[in-house]
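Student: Listed below are the residues making up each chain.
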Amino acid sequence: MATKMPKVPVVIVGMGWLGGIIAAELSKQGVKVVGLERGKPRATEDYYMVHDELRYAMRYDLMQDLSKETITFRNTSKMTALPMRSYGSFLLGEGLGGSGIHWNGQTFRFLPYDFEIHSKTVERYGKKKIPDGMLLQDWGITYDELEPYFYKFEEVAGISGEQEQTPMVGKRSKPFPTKPMLKTPILKMFEDATKKLGYHPYMMPSANLSEQYTNPDGITRAACQYCGYCERFGCEYGAKADPVVTVLPVANKTGNFELRPYSNVVEVLHDGKKASGVVYVNTVTGERYEQPADVVILASYVFNNVRLLLTSKLGKPYDPKTGKGVVGKNYCYQTNGGSATGFFDDKEFNLYAGAGSLGMEIPDFNGDNFDHTNLNFLHGAGIRISQTGQRPIATNPVPKGTPTWGAEFKKQSLKYANNTLTVSPQGSSLPWQHHYLDLDPTFKDAYGLPLMRITFDFEDQDREMIKFMASKTEEIMKEMNPTSIGVSNKLGPYNIVPYQSTHNTGGAIMGADPSTSVVNSYLQMWDAENVFVVGASAFPHNSGYNPTGTVGALAYRAVDGIAKYLKSGGMVV
Amino acid sequence: MAEQHNHQPPDRSRRQFLKYSGAAISGAVIGGVIGGAIAGGFKKKAPAPAPTPTTPGGQAAAVADYNQATMYFTQSQLQITQAAVERIFPKDDLGPGAAELGVAYYIDHQLASPWGINGREYRTGPYVKGEATQGDYQSIHRTEVFNLGLIAIQDASMKKYNNKFPDLADDQKDAILTLLEKGDIEVINGITGTSFFNLLRTLTLEGVYADPLYGGNKNMQGWKMRKYPGNQMSYTNIMEKAEFVTMEPMSLRDHIAH
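Chains as they are written, first to last, in my numbering: chain A, 1 to 573; chain B, 1001 to 1258.
Just so you know, not all the hints are guaranteed correct.
What the hints assert, rightly or not - DSSO-like, lysine-lysine: derived pairs with alpha carbons at most 30 Å apart: (1) A:Lys179 / B:Lys1241; (2) A:Lys183 / B:Lys1241; (3) B:Lys1129 / A:Lys490; (4) B:Lys1227 / A:Lys400; (5) A:Lys188 / A:Lys467; (6) A:Lys415 / B:Lys1227; (7) A:Lys347 / B:Lys1241; (8) A:Lys188 / B:Lys1241; (9) B:Lys1182 / A:Lys411; (10) A:Lys195 / B:Lys1241; (11) A:Lys415 / B:Lys1164; (12) B:Lys1182 / A:Lys415; (13) A:Lys253 / A:Lys179; (14) A:Lys4 / A:Lys347; (15) B:Lys1091 / A:Lys415; (16) B:Lys1164 / A:Lys400; (17) A:Lys490 / A:Lys273; (18) B:Lys1241 / B:Lys1224; (19) B:Lys1227 / A:Lys411; (20) A:Lys478 / B:Lys1129; (21) B:Lys1227 / A:Lys478; (22) B:Lys1227 / A:Lys183; (23) A:Lys415 / B:Lys1241; (24) A:Lys32 / A:Lys152; (25) A:Lys196 / A:Lys171; (26) A:Lys490 / A:Lys188; (27) B:Lys1224 / A:Lys347; (28) B:Lys1224 / A:Lys183; (29) A:Lys321 / B:Lys1129; (30) B:Lys1164 / A:Lys411; (31) A:Lys400 / B:Lys1224.
As the list claims (entries may be wrong) - To give an idea of the chain A side of the interface with chain B (calculated C-beta under 8 Å), a few residues: (32) Met1; (33) Lys4; (34) Leu66; (35) Pro392; (36) Asn495.
I should point out that these hints are in silico values taken from the structure, not numbers from a laboratory. C-beta: ideal position from N, C-alpha, C; glycine also.
Could you build all of it, start to finish, from the sequences and the hints given here?
Tutor: And the structure:
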């Protein structure tokens, strides 16, 4: 039996960016909040030995322990899903700060087009443009409505960027809080090449602080040192915005927030209409606790938000055969491929140096910024160059035809260690009726709960997009004038083995209609008014951008919803 | 209930780090290692040259490296591994090969770590062979894969050349490794030579380029060959420079307070 804890107004499941944001804002308003985190607590001094590629990048020190819990995967429902036994395609976070600790800091806003993707596509191209089985839907909110929340996140995190922005991206009400990152020679090459081609390059909005910055909560952080260890690493300077150095200290200071690490939530308690709290296991002692609460907030990663709904039997599970039900629907990913690599025989760049969000991008082929009338795909990709710091185990590019080992490999890999540049698209991922999340029938986690099962594959839509983008990246790379170029324009089936992107989305999507969405635009659950499901799980599709900026905005929007709910109850839209 | 620990006061290691980096911390700055000191011109007060982990005077090579003993391998396994990784990353006029860099010891140490027994991976059955897109499914640990893989190399050498792998000529070793890479040598039912070869190749690159603390990349020579500066505190001052900047590399050892 579970030990019953005293009731609290708000309990949050998962203390990453979203849990941290909600904890900070509600506790500032005087609301008592308990935050449950399945992993360990963290602090900046944990990262003094962080420049260790093997431990963090190759052995995944900061990631979820897969021996306790993983996901299962299959390409189609005809296959038997099998567990992801070791890491590959994406990296799941764990512990205080979650994935917000080991991210790169690339903080884009999704496009106005994204939030009204169905309406705007139909408006411009007609209904027939959307292929059968593609479940495009509007988000139940517009970019303009979300704009103040985007800014709120950027202001807290200290996001840097250019003051002048192309009209191809959403209009800003206020400039970026900090100046752009340093424009390196590599970035200038990309800028010159894309400008010559008539495109609109801009500096990537960055959460790696470009200068010392004090945010509205009075939190001061030091500037990024371009040490080249962001993605898969924690920041020993606190320069990269993460929950531990931004929102959690604010929550702590209020005296209204209690963090409980090593607390793995296994059930949301409810009567079919409202939740009464959660049950969690202390992962150190194995003891079970019940935490009653007025409001339950699910703020863990996509998979655990959706899994907890399904194992708790909360909401209507999605059925891919009938298209009915909503929980698990519209699982999307990110479509990568189509990059162009240039080998510059007579140049050397300081590629070992960099920052996770040091880069430039063109928005010209993202969203609906270009005419799709004669194209066999919708949406697009951000095309970018980045200088994140090339680390030597993972980065050994050699021109095509070079052996993969032996004397010639050694010679070529050393020759090209510091003079290989890549221009890459980061492609959108659109939803299909047969891509979804549900509970695996066979495999279980360490607590006896079924694993999340992913059914997902790349489609012709994705292959067409990558082919198109490859022609653009090659064009840009040619303009940068390398000695030789390698381009990949083919996209195979989705394979869970190679790393691609930790931008998984959907499964508990937002919308204006309860029959096609799990949550409303405040991320409040249609089927349980005191449950808020926050995160990229709410995305009805994934854009050609990194998701964290939009996730952060939705979290601040959810805060308003939760505050309203605490005051007056009922559905807040 | 466990208390929160995310806001501990500076501990001993933190103070030592600050002392070492020669920086002072501004009390107002949250989270940062050297906080405001960085913004105030960290580079002007750069850390003193790192004490090298080796004997002064460049006599490191002459001193016994007590790290070079095996935790997992038998001597024979070590020799086969050493011979194989040296062919994957051979010594040449550009610099040392995998053998000299300590890669075989690196692999031995890794196999003796939790990674060798797939410690942080999902190990619940059933183990079912799926599609290639679904990844590994073997029930045996990496240590066993290695045992069997090395036997497969040795057996193939005996069969083809009637000689042990470490005693083969270089072109003969390459021929065996090529057969392994192509999958013409099977390690055991379900594990192809290709997957073992790929593991061996990955471990070779790790051993050449991981921080020297793991037993490879001896004296940071792997890094020096590709002009990788290892573990530096800041590159801010070189970011806008057009020319390539070569630095004497630093390792994690340089961040241990003395």
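Student: Determine for every hint whether it applies to the structure shown.
Tutor: Going through the hints against the structure:
Note on A:Lys179 and B:Lys1241: the hinted pairing holds, with a Cα-Cα distance of about 19 Å set against a maximum of 30 Å. Between the alpha carbons of A:Lys183 and B:Lys1241 the distance comes to roughly 10 Å, so the proposed pair stays at or under 30 Å and holds. Between B:Lys1129 and A:Lys490 the CA atoms are separated by roughly 26 Å; this keeps the pair inside 30 Å, and the hint holds. Annotation: proposed proximity of B:Lys1227 to A:Lys400 holds, straight-line Cα distance about 23 Å (limit 30 Å).
Under the criterion of a C-alpha separation no larger than 30 Å, the hint pairing A:Lys188 with A:Lys467 is consistent with the structure, at around 26 Å. At most 30 Å may separate the alpha-carbon atoms for a hinted pair to count; A:Lys415 and B:Lys1227 meet this at roughly 10 Å. Pair hint A:Lys347 plus B:Lys1241 holds up; C-alpha atoms about 13 Å apart against a cutoff of 30 Å. Distance hint between A:Lys188 and B:Lys1241 is fulfilled; the C-alpha atoms sit about 12 Å from each other, no more than 30 Å.
Note on B:Lys1182 and A:Lys411: the hinted pairing holds, with a Cα-Cα distance of about 22 Å set against a maximum of 30 Å. The suggested pairing of A:Lys195 with B:Lys1241 holds, with an alpha-carbon distance near 22 Å, which does not exceed 30 Å. A threshold of 30 Å between alpha carbons decides the hint, and for A:Lys415 with B:Lys1164 the separation of about 34 Å lies outside it, so the pair is violated. Using a Cα cut-off of 30 Å, the hinted pair B:Lys1182 and A:Lys415 holds, with the two alpha carbons roughly 26 Å apart.
Between A:Lys253 and A:Lys179, the direct Cα distance comes to roughly 29 Å. Compliance with the 30 Å bound is thereby established for this hinted pair. Proposed proximity of A:Lys4 and A:Lys347 is contradicted: the alpha carbons are some 66 Å apart, above 30 Å. Restraint check: the Cα-Cα separation between B:Lys1091 and A:Lys415 comes to about 15 Å, which is no more than 30 Å; the hinted pair holds. Under the criterion of a C-alpha separation no larger than 30 Å, the hint pairing B:Lys1164 with A:Lys400 is inconsistent with the structure, at around 34 Å.
For the hint pairing A:Lys490 with A:Lys273, the CA-to-CA distance comes to about 48 Å; that exceeds 30 Å, so the pair is violated. Straight-line distance between C-alpha atoms of B:Lys1241 and B:Lys1224 comes to about 21 Å, which keeps the hinted pair within the 30 Å bound. With a C-alpha separation of about 14 Å, the suggested pair B:Lys1227 and A:Lys411 falls inside the 30 Å cut-off, and the hint holds. For a cut-off of 30 Å, the pair hint linking A:Lys478 to B:Lys1129 is broken: about 43 Å separates their Cα positions.
Annotation: proposed proximity of B:Lys1227 to A:Lys478 holds, straight-line Cα distance about 27 Å (limit 30 Å). A C-alpha spacing of about 23 Å is found between B:Lys1227 and A:Lys183, which places the hinted pair at or below 30 Å, so the restraint holds. Restraint check for A:Lys415 and B:Lys1241: the C-alpha separation of about 21 Å stays at or below 30 Å, so the hint holds. Restraint check for A:Lys32 and A:Lys152: the C-alpha separation of about 22 Å stays at or below 30 Å, so the hint holds.
Distance check on the hinted pair: A:Lys196 and A:Lys171 sit about 25 Å apart at the alpha-carbon level, within 30 Å; holds. In summary, the hint linking A:Lys490 to A:Lys188 is supported, as the alpha carbons are separated by about 29 Å, within the 30 Å threshold. Annotation: proposed proximity of B:Lys1224 to A:Lys347 holds, straight-line Cα distance about 18 Å (limit 30 Å). A C-alpha spacing of about 27 Å is found between B:Lys1224 and A:Lys183, which places the hinted pair at or below 30 Å, so the restraint holds.
Note on A:Lys321 and B:Lys1129: the hinted pairing holds, with a Cα-Cα distance of about 27 Å set against a maximum of 30 Å. Taken as a hint, the B:Lys1164 and A:Lys411 pair is honoured in the structure, with Cα atoms around 28 Å apart against an allowance of 30 Å. About 25 Å separates the Cα atoms of A:Lys400 and B:Lys1224, which keeps this hinted pair within 30 Å; it holds. The beta carbon of A:Met1 comes no nearer than 17 Å to any beta carbon in chain B, farther than 8 Å, and the hint placing it at the interface is violated.
About 13 Å separates the beta-carbon of A:Lys4 from the nearest beta-carbon of chain B, more than 8 Å, and the hint is not met. At a threshold of 8 Å, the smallest CB-CB gap from A:Leu66 to chain B is about 5 Å, leaving the interface hint in force. Of the supplied interface hints, the one on A:Pro392 holds, with its beta-carbon coming within about 4 Å of a beta-carbon of chain B, less than 8 Å. Because the closest C-beta pair between A:Asn495 and chain B is about 4 Å apart, less than 8 Å, the hint holds.
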